[in-house]
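K.L.:
Chain by chain, the residues run as shown.
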Amino acid sequence: MIINHPLLGPRDANEFVHLGDESLIDRPDGMADDAANKFHDYMYLRDNPAGKYRELWYHDAGDRSWLVVTRDTLTHEIFNVELARDVARARGRSK
Amino acid sequence: MSQSFRINGGLTDRSKPINFTFNNKKMVGYEGDTLASALLANGQRLVGRSFKYHRPRGIFSAGSEEPNALVQLRTGAYQEPNTRATVTELFDGLTATSQNHRGSLGFDFMSVTDLLSPFLGAGFYYKTFMWPKAFWEKIYEPIIRSSAGLGSLSMLEDPDKYDKGFLHCDLLIAGSGPSGLAAALAAGHAGLRIIIADEDYLLGGRLLEEDHNIEGISGQDWVLQALAELTEMSNVRILPRTTIYGAYDHGIYGALERKTDHLAHSGDKPRQVLWRIYSKRAMICGGATERSIAFPNNDRPGIMLAGAVRAYATRYGVATGNKIAIFTNNDTGWQTAVELVAKGVNVVAIIDPRDTAPRAHISGVAMIMGASVCNTSGRKALNRITLTNGQTLNVDCLAVSGGWSPNVHLTCHQRGRPIWNDTIAGFVPGGDLPVGQFVAGAANGDMTLGAALKSGHKTATLIAKDLGFTTNVSKEAKADDENFAIKQFWHVTGYKQRAWIDLQNDVTTKDIKQSQAEGFRSVEHLKRYTTLGMATDQGKTSNVLGLAVMAEATGKTIPETGTTIFRPPYSPVAIGAFGGRERGQHFHPTRLAPSHKWADEQGAEFVEVGNWMRAQWFPKSDDKTWRDSVDREVKKTRTSVGVCDVSTLGKIDIKGRDAAEFLNKIYSNPFAKVPVGRVRYGLMLREDGICYDDGTTARLAEDHFVMTTTTANAVLVYRNMEFARQCLFPNLDVHLISTTDQWAQFAIAGPNSRAVLSKIIDKVDMSNDGFPFMACSNVTVCGGTPGRLFRISFSGELAYEVAVPVRYGDALIREIIKAGEEFDITPYGTEALGVMRIEKGHVTGAELNGQVTAFNVNMNNMISTKKDSIGSVLSRREMMIADDQVRLVGVKTVEISDSLASGAHFVAKGEKPTTKNDQGWVASVCYSPHFEQHIGLGFLERGHERHGEIIRAWDGVRGTDILVEIVSAHMYDPEGGLQRG
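So the sequences go chain by chain: A and B. Residues are numbered in my numbering as their position in the first sequence, beginning at 1, plus a constant of 164. Residues are numbered in my numbering as their position in the second sequence, beginning at 1, plus a constant of 11.
Simulated from the structure, these hints should not be mistaken for lab results. The C-beta atom is built at its ideal place from N, Cα and C for all residues, glycine as well. Keep in mind that the hints are not guaranteed to be accurate.
[Stated by the list, open to error] Footprint (simulated), chain A over chain B, 3 or more residues, beta carbon under 8 Å:
id : stretch
1  : 70-79
2  : 879-885
[Unchecked claim] When the alpha-carbon atoms are kept at most 20 Å apart in a straight line, the in silico DMTMM-like pairs for lysine to aspartate or glutamate are as follows:
id : chain 1 : residue 1 : chain 2 : residue 2
3  : A       : Lys202    : B       : Asp699
4  : A       : Lys202    : B       : Asp879
5  : B       : Lys829    : B       : Asp879
6  : B       : Lys877    : A       : Asp176
7  : B       : Lys878    : A       : Asp198
8  : B       : Lys291    : A       : Asp190
9  : B       : Lys877    : A       : Asp197
10 : B       : Lys878    : A       : Asp190
Same shape as in the complex, but just chain B (with noise of 0.2 Å):
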């Protein structure tokens, strides 16, 4: 089999073969081919099964809307499903396989569901796998699974590289058929910076393949001239493999440029790029496509578009067929009886069923008016065809054209309907187009040359006289209009056989007849129950003719049956590509604390915290487990002292004139009279009452404090902040920015810790006198270098924070381990300060979840009644301060060897775990070295009023339920002498 239907003329080049191979058998094509015309070439016509009743399957198309011809191309992590062979370029190499087959592809087991077609029908799986009611998981659901898609995936991580990029024109022109290329031309000399896109690898659309005559040259020598005049332009961007897949909002359309598919490999380039265009206007120049005449068994392997019967013969110099027939209901499928003759391809016969010939004579050609296929016979590829005059013709090569839709599908992205044109029968698109967009050629209805030259000529002259080029108007190319007179015939009635509409999901005339029958009959509902046009082709050669068989079995018009929605994208756009570089570690930005290096180098393990690494713990030699190094980092800094870097909080800066005032509205409690020099912890809410945010709060002088936030929040507390700024009080004199990533800033905790920052800060008087408890201070450390000095403790123990601009914060943790040697001193990190936190009683996220008030959490008097802060109001709700409400507790186990779990649930001893009885949770847990045993924090009804009452806290999810005491919140030192001292 080497090339026999190889024929003369085209634009493959003959000097460059290529070799491919085609479930394993070895084939070769030549440069310039599809997988599809090389298959062609080489007589391969099964090409694949069908998705339901695995009938054998040829390509039918030449384009993008292909339904059969879907592959498995490439091998291993590369392998990709379902791809259309008709688009895919040939490369020496290529391996492809067919799918949707167990056993070989001439003999599939599955082939068996065709004879169980009658069960089958529309909806089938509505009325069927529906009893016994077990058999569903074990037996329907595997079956259905196994027996379900078409291709496979490698399951391994796909290996390519996907990017994305934004592209800016005055005018996008997608599509570079003879409108577009029109279009192209006269904008381009008018000087509009301009994009011209196609989805093919070569420019031209139709004008490559069907003979033209454009000015007195050829269609293709047409081409080449406008795409070097184009070429010359320094302001025109010519995208080749590009599709423009879906029309967005103010001009902005989505682009998919497949920059390496057509190579063996990309090497380092991307594979495909997703690049989204801003257009100040745009034309959709996207041709029109194809559909088929349903009659009896007219889907199988040699039933093709009559267009493609004719782009394989001019194009790519194949000939899809020893004996073609043509079956028409329009004058293109003539057009393409003349051509083939032409090249010395053998057509046997054109059948049409209108009555008067639109030609008098085609040489060799037998002209079968009034007449139609009625039946066909060849089990994996077509040998014979039988016509309703009784006649039967032996052929391999069945030409059908039903007609042609013009492709409207991105004038209707947002919402907008086409309307049905009479004439070209067929939908154009109707008056709501997106804003800025403009249709000419055949997309418009313009179906024949002479008037897509002219419409794409017109619309883009117009274009730039309305973005102010004072037009250098080009001349306008000329052509002839062919003849498409087209006689509105959709179907072959009268006959048992399945008549195929939707060739991808087997949607067959009977389907749409029994799903109106049964009552469907909005498009909407018809094209979800048949699954018509919901296959990876969306439709693109099926929905047409099905509306019209729709419509005639409601006895509607097809204007009032309508067509289904069209939504992005126009074709299929692989995940990877809307994925683009963010995959993997790159999925968000990794932030980095300014001691990351140093903690890096003890050999801390790390968390992430929203995007931030933080040290987790730092494991020495002689800890076993994780445990060992977090119960000894928190004994440290409890006996001696202890550091670790807190950068990662929100850190705001606000100043102005009215900054304590502004405050005073953000934070619940009150925050006017804070004296310049000292810290004080602040609760936010939401304006509904409900928990926000928390956190300290310092007053470096009257008009300028420098507020912390908690690490998750601290994003979303500036931007509320910000509202509140200039859209609430936009009269006060105050000014925020965010600088939590211009300080590096380390508490340092324990009992040591004066002793350690002593040899840190310059010049101050670090006695309980001259710093006290919540003093704050700008100070200078190690011999001069700006820092803040803050007395706060977030562990319970004597602490402090020191801040250096982040440039220093490297050099300060080093400076502070080595102050605190002498000390012993220990780095700890996120455990430990969870740990210590959840022993002093203090509340995080886990506590603040969302949910819970400040009434909860024991804080309801923080709130001022005096003034009016955000959510003060709402706080007060009765239901949010009643006295049954849960309360924030905390918890030891009563057995000292058991352990906790958050989540779970407080029960009283003796009744059932119900949610009538369920009186609260666990929020937080930990072993407590100090207590050496669990504790954790949670939330109980009335939980102020039972400390010392014994309750269950029982988890279900975890199938524990242990005996638990209620203690206070505050378990570590809870008179507070340790930090004050």
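One chain only, chain A, in its complex shape (with noise of 0.2 Å):
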């Protein structure tokens, strides 16, 4: 696969590590009163789509960055690279 990488243009997905689903990003806040649940569902539940699909992968053999890929599971057509900085940020992420 080729990933086109926001800041780096197209990039062979060998440099690349693969996480997971991007909702990754949205880790609870560990000090509220339903940490526990929150955290469970957070680590364990995940969709598992055939279709499109938001990851997360790492620019291991590159710069580093963390990127959201939105990808077809089926035919791994790749529709948007993102920046998962910028991702977060725009969830608001507060830190």
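Mind assembling these two chains? They're in different frames, but the hints should get you there.
P.N.:
Here is the structure:
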């Protein structure tokens, strides 16, 4: 596969490490009252869609950016590649 | 036998004879021959034995689809089994031997299996060898193993080199037949960067094997002209001997180039190169493969594909027989007859199940319409055929054409399904082509020459426009379209003799029908039950025939029956090619510690730790065993001073206004208030609450920390920290960089470490008050070299670690040794390091194995409840902090002479060693020179409350069962007075 890095252009998928669902960005607040339940869902519940999927990739043999890649799990078509930091900020990660 | 089957013409160079041997028989061929064409020229018809029934077999095809003519090539370490004679270029001194027979090729003892064939039908191995059960291991399996397979391996290391490479292009063209060359000319003239690859060593595809006219010149001359044009273009790369074996995502193709397979010796050059080709567009111009017809005893040497008979005559100048008959259900078989007759080859008859002949007359050839071949004879070579009309013909070669199957493989590698085309009686590419891929020529169902040239040119022109090349439209080459009428006639029924479909795996029409009768109705099941198409040829000449017979048996149509899934590789690729240069020592890079050269000079033994080579111990002449060395290193360090290279530990530089706040989230224990000039031990958890890594982190300035990680986790910890920085806490002002390779770091441990370092470190108050335990500082060493000093201890002794830029590492170790001479300083390796940390009760990867929590290692109180750090929430789950969980303990053998092994289980005295009675395990062990006995660290249920208890360490693997005393993990200097002193 080829991942079109937002900063570096098209790069071979071999340079990247795949982590998984982009929902890992949405880490709950550990000090909240229901933190235990929230963390359970955060750690263990994932969708497994046949189709469009937003997932985290890390440019390990490159600039070490974390990326959110929108990919079709059936065809491997890649629709969009974003810096995960931009996605996290847009989601309102406070720190 | 001296090339008695040679005829005039062809592309072999008669002025360049080539000597080779087949089964030790000396033969001669010509430059331009394949091994197959040279064998046929020499009249060698029998070349091998079939897989299951050991039937005599000859050359069947003239290309990579060959199912029969698999030979063992070369000798010694270079021996290569299952090599297709039809694609093996002849070279001087080539040695080939036949395979899959016991006794000689002519008399194979294993041919008894042919007589047993009624018991060896489809799925026989699922029904036999079942009882008595005890027979399997001792009798059945050894027999099956010795009968299975075709050729044999040399069992020696492959001495050849392989390489890998990357290529980029606007357009990749797979195949150089008429459509491929037409496409290359159009795209090349338009200015596209193109790669045209062909598995053959000559480009031209079927134009080399058939007689045609293009633009008023012969097809072969047109090829030469096209190649001359393409060679002139700097934007064209021609790759002969290169198979495009797989179509992968996003326009990436796998290609295998056989660089030196055609030479007697590859010299220093790689034998094969595996290319990864990045293409903007790709055109599959792979042509079509001929298939056979299933009729009784259709597998004898001398029965060949009609197109192959034509190719041997036209390209190689070889007549495949003295008396040839042709059995065809389509017009291309008739074209074969015409061309053979024109070359003076004796064609006796053409047999066609159709009623009307497509030609009025071919000189000297009997035209037998409405008939089929229904039996053949000739044990080791064909000598007679019998027809359904009762006629018999004495022939030594039967050319069969059951039609042509477009080579759709590369169009289907991403799960695309081909669709059935009734007119050409073949599958053509379906709608779901891989992104950026196009198909032209016979591969797309354009079976005639004019159509192939046209589709190649047209498709390439469209691609050029699409890519924005203002098309320099080149002229399209024109040729006539030959006749290509076909009757869907698959097999001759009504006879009891076996009719082969898959020659390589010995699958007959009977097997297909039996599999259907036993309920295997899906084509994927049929394939697995009968093994149809599962041999090295992947059923290129047989799959469609098998499907057609299956469809007929189930009463379905061929499109309803469908095809099995196509997967790469298109043809076999040697494992060596996938390995490339990454073998042996080069499988992964080797990392050397900064003191490696010095340690090597000391005669150190090294051990691989990840990619690193670390000194394991430093033997001295009076050391009898490795243990003597390790014990000495430990004792010297504990009584005077020792030095160890710890540069391999991961080092991460952390800078920024929010660096402390960031570390407070990464580590489970508090980090926000670590003072400048102090080091703190940190415990890192995974988000699920399991221990991940530990290490020390030093605060060198308000906004500057230096973290160490374990050697093994250096890369992963850094990755996780970047994840936290970018994805979880994207607004913190903090930056990370890995500096593992930038700093040489040495641990200097033992009561005299302060005295040694005082001679090395410039201008630092080294007193206990001036530089106390867990202090750190930027320093200079040896009179001005920048460095860092940390007072940390893994050994439990008074100890320091000193770091300098890596280029000074070698110099620094030599200075330390010189400074330590008066104290008899000892270098120590990873073994002594391990002994001292076990004595001290420090955990490493053997304890933090991805299954234990902070609670298990008695560090639960380190996890701060006043902050939200990674893993803290889930580490507090009930089960993970339940009272009966295992806890870290130290163990000592009760008998001083006993030795311990890690992996042993704790079982109470008098209880059976069962899962139910299992109370924990031993994680790390060593011989402790300090305690003069074996000790270890382990995990025991409620272990923190059980110090002093005697329990068994039971090891079922090694067969030991000894008594141990449970003690505190902190065995050496439990109060820590030494490291603080």
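K.L.:
Quick check: which numbered hints come out false for this structure?
P.N.:
1, 5, 6, 8
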